[in-house]
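A.B. asks: Chain by chain, the residues run as shown.
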Amino acid sequence: MAVETPLRQIRHAAGTGAGQASRLKAAFTRWRVPLCVVALCLLPWILPSKALAVNVLIYGIYAVGYNLLFGYTGLLSFGHAAFFGAGAYVTGIAIAHFGLPWYAAVATGILVAGLLALVIGALSIRTRGIYFSMVTLALSQLVYYTALQASSWTGGENGLRGFTVGRLDLAGLSVDFLDPVNKYYVIMLFAAAALWFVSRILNSPFGAVIEAIRENEVRARACGYDVERTKLIAFVLSGLICGLAGTLSALHLAIVPLDTLHYNTSGLVVMMTLLGGAGSFFGPFVGALVFLLVEDVASLWTSHWQIIVGSMFILCVLFLPKGIWGTFIAWRTGR
Amino acid sequence: MSEVKDGLFKTTSRRAVIAGIGAGTGLIAMPWVARAQGETIRIGFPTPLTGAFAAEARDQVKSAELAVKLINDKGGVAGRKVELLVRDDKLNAGEAATRTLELIEKDKVHAIVGALSSAVQLAVNEVTRARGVIYVSISQSDTINEVKDFSRFTFHEALNPHMTTAAVAKHTFKPGSKVAYLVADYAYGHEMLRGFKRAQAAIGAQSVGEILHPFGAADYSTFMPRLRSMRPDILCICNFGRDQANAIKQAVDFGMKQQMKIVVPVLLHNQRLAIGPDAFEGVVGGANYYWGLERTIASAKSFNDAFRAANGGAVPTDYGAYGFTGVYSLLLAMQAAGGTETDKVAKALEGLKYDIAKGPQSYRACDHQSVQSVLVLESKKKTDMKSDMDLFNVLVEEAGSEAALRSCAELGFPA
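Heads up: the sequence lines are chains U and B, in that order. For this note's numbering, count along the first sequence from 1 and bump the result up by 753. For this note's numbering, count along the second sequence from 1 and bump the result up by 271.
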């Protein structure tokens, strides 16, 4: 299942005498973050609108963070909207109610999402399979209803408003954040950082351990790895990155709708990850791109766009079980 | 892990992928090619074409398109043609914000009209306000009138819950009436409930209980015995769209109507059509528009006639009419301003006196709420209906006045 992990690739290269395909693959892996960033630089000029491109970045980060847990550690969480939403709400509240500067609000948003992931993770990682999914779903629903009830803080059903960030000021620099191109490239810097961070994790021994847990938990335990702690760390790292996506979403839209915490938002990231390819590095980004693009274009044509999006998803699940990017990588590298 | 595939299958799928990418790129490039360069005035129109309010949204689009067509037939605004860009906001605030950003940044619209749910319109308002774009909101909300969400460029063409509930309560509640409430548990329901309770206190009626139901609930059977045990004279059902139709139908199935009067804040044309006359018979509610106004109001007659001509004899609906009055009043203001310059258009809207569908209307200076009449309607008995479209009796036409609105000071505006 693993498509482009360094350990496997080295093993593979040694085993087959380093064919051309493996060398290509090695180059792909080594340069994956710069390659992704180059692709992202071009994105706003290819997509129909800058607002859509920014959404692709945000949901791409969300899916990349989710993939760390789902694709690489093998844990199907159904509550990641809680971290996305926590990031978004905390950022909004920090600016609207406490008047924090934007960078402090972003940091607070990520931090709180990480703390929330620590709590939810600690409560859920000891369960397995469907039980794990259900526990994460239930705990994220708690977060949803908390936000609904605390309407003086969160705006309740009407959503959180009143924290529009027009300019980003940092260390003497000032950027007009209402300009769509500036907004895209600022958010892209965060996306690049998130991609680098995930790539670094996956290339570390820790990355090899989470994959070992995904492949065979009993064996990983027998090898002496602390499975519970590793899972918890993966959960928290995933929560931090999804929290980052949430804070960026708050900055981008200047509102936090209650839907952000809805379980549909949790389901959305599962679909995007599957569509792009779970367990591949750039797959989730591709999944987010394809999903949002098809939805955007199809809903311009017809109010029955859901049929188009639904059929596309069914076709991908039927014919591309590794996802769009996963299948592409497997085909390019001949695996 | 590696699967054995025969060559044919592999080539086809490869070709399919390339063809797909090609088609996709062409498709993406299309909007740029199609973008008009001329002097066209573009109005963005986000509305929930999919979701629970889709029927109302479709009527809004028809009416908004009619307004654009009528103006274009007269030669446009200051010699420029008008174009309506309809977008599906999917009844989702985040989607609506994205769509509004697209409309402003990519399509370079000159103004936005639309949104049907209050959370969605507040999201649209946040985006337009930060960018100084004119927004005419056509969904009921009290929040948007308050100073916190106010923008110099935002105008609220729809009624607000305060106006609606005050008019309905005035003609249905009596001193000493006992009222039970069934309320949809989201912003719209809460605002309507707040409005009714305020009116109830002024009239001297009393509340005997309230039940909140989840938004989009299909089954109300568990609520009915509880409501009946409260022994109210009036059952007030504060929800919208399909929820309203389901709730009223089930209340009637439970025989509630024999013991109490059913009152709703907004009596919806489409839902009455969907459920039929028997369940709705005698239900009283408020409305911004009813096509039957044509008997007494000349502008309603000409709006209906134009609508019938454009839509194969169909009549406009209440929420549909918002699409017409919202777009038309904006275009009138642009005409008065001689173009699309935001400050001038906003000034022109502030000073606008218009009568385009339902009698005189104008925007109040402090909060930009449209001062207009509120209708109180009663659903007709089947035997009293003269045609399929003859749905309601107009009980009262409460004339528009600033006294019916919350005061500017109460909304937080400086005196």
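If you are wondering where the hints come from, they were derived from the structure by calculation, not from laboratory data. Computed from a predicted model, the values in this text were never measured in an experiment. Where a beta carbon is used, it is the ideal one built from N, C-alpha and C, also for glycine. Accuracy of the hints is not assured; some may be wrong.
Stated by the list, open to error - Chain B stretches covered by chain U per the calculated footprint, using a threshold of three residues with CB under 8 Å from any CB of chain U: (1) 319 to 328; (2) 363 to 369; (3) 382 to 395; (4) 413 to 423.
Claimed, not checked - If you want a taste of the chain B side facing chain U, the calculated C-beta under 7 Å gives, among others: (5) 344; (6) 372; (7) 377; (8) 401; (9) 458; (10) 549; (11) 679; (12) 681.
A.B. asks: Each hint should be assessed against the structure and marked as holding or not.
C.D. replies: Here's how the hints hold up against the structure:
By the rule of at least three residues with a Cβ nearer than 8 Å to a Cβ of chain U, the coverage given for the stretch 319 to 328 of chain B holds, with 3 such residues. A stretch counts as covered by a chain when three or more of its residues have a beta carbon under 8 Å from one of that chain; for the stretch 363 to 369 of chain B and chain U the count is 5, and the coverage holds. Under the rule that three or more residues need a Cβ within less than 8 Å of chain U, the assignment of the stretch 382 to 395 of chain B holds, with 4 such residues. With a cut-off of 8 Å between beta carbons, the stretch 413 to 423 of chain B has 3 residues touching chain U; three or more are needed, and the interface restraint holds.
Interface restraint check for residue 344 (chain B): the shortest CB-CB distance to chain U comes to about 26 Å, outside 7 Å, so the restraint is violated. Interface restraint check: residue 372 (chain B) against chain U, minimum CB-CB distance 4 Å, threshold 7 Å, status holds. For residue 377 (chain B), the interface hint holds, the least distance from its beta-carbon to any beta-carbon of chain U being 4 Å, beneath 7 Å. For residue 401 (chain B), the shortest C-beta to C-beta distance to chain U is roughly 4 Å, which falls under 7 Å, so the interface hint holds.
A cut of 7 Å between beta carbons decides the hint on residue 458 (chain B): the least distance to chain U is about 4 Å, and the hint holds. With 7 Å as the threshold, the beta carbon of residue 549 (chain B) stays out of range of chain U, its nearest partner Cβ sitting at about 31 Å, so the hint is violated. For residue 679 (chain B), the interface hint is violated, the least distance from its beta-carbon to any beta-carbon of chain U being 20 Å, above 7 Å. Taking 7 Å as the C-beta contact cut-off toward chain U, the hint placing residue 681 (chain B) at the interface is violated, the least distance being around 19 Å.
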